[in-house]
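Participant: Sequence:
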Amino acid sequence: MQKIAIETDTVTIHYRASTRDGGVIEDTSGRKPLVMNLADEHFLPLFRKQIIGMQPGEEKTIKLDPQESFGLRDHLRQMTVPRGCLPSGIQKGDQLSTTIQGYAVNAWVVQLGEEEATLDTNHPLAGEPLELSVQMISIEA
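Using my numbering, the letters of the sequence shown map in sequence onto residues 105 to 245.
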């Protein structure tokens, strides 16, 4: 009888994460597979939940709505700052690490004017429905 993955197992999987329009975010095929503990909260909860119950050799496609992955885009997470506060040479699309109210955050430059810039602290995949294709390779208790 083949082992079935449970909440406390460490599993080895190949996976492909993509946006629903087909843009590939990450793909482990042809590379080292991902080894993950299903109790590790670093991974998306629904992703972990969908792997529970899989057996070695099984393949599954998991569709995640934005609120199940990186959340919806929040316009309140955009801010306008004086251009002079930014490093010289900054360009639209650049990522910055900054501190806001004592918390370290990543921000992306989404607009760059002569006097002001707009920064976005939403996760880059916020608002995106995702599709994860998973192939279970092995399970360790």
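Among the hints, a few may not be true.
Derived pair list, reagent style SDA-like, types lysine to any residue, alpha-carbon separation capped at 20 angstroms [stated by the list, open to error]:
| id | residue 1 | residue 2 |
| --- | --- | --- |
| 1 | Lys164 | Ile129 |
| 2 | Lys107 | Met158 |
| 3 | Lys196 | Gln182 |
| 4 | Lys107 | Glu244 |
| 5 | Lys167 | Lys107 |
No lab work stands behind these hints: they were computed from the structure.
Predicted model, so just to flag it, every value in this text is computed and none were measured.
Participant: Decide, hint by hint, whether the structure agrees.
Facilitator: Comparing the hints with the structure gives:
1. For the hint pairing Lys164 with Ile129, the CA-to-CA distance comes to about 17 angstroms; that is within 20 angstroms, so the pair holds.
2. Distance check on the hinted pair: Lys107 and Met158 sit about 9 angstroms apart at the alpha-carbon level, within 20 angstroms; holds.
3. The suggested pairing of Lys196 with Gln182 holds, with an alpha-carbon distance near 14 angstroms, which does not exceed 20 angstroms.
4. Our distance criterion of 20 angstroms between C-alpha atoms is met by Lys107 and Glu244, whose separation comes to about 9 angstroms.
5. Restraint check for Lys167 and Lys107: the C-alpha separation of about 24 angstroms exceeds 20 angstroms, so the hint is violated.
When held up to the earlier numbered hints, the structure conflicts with hint 5 and nothing else.
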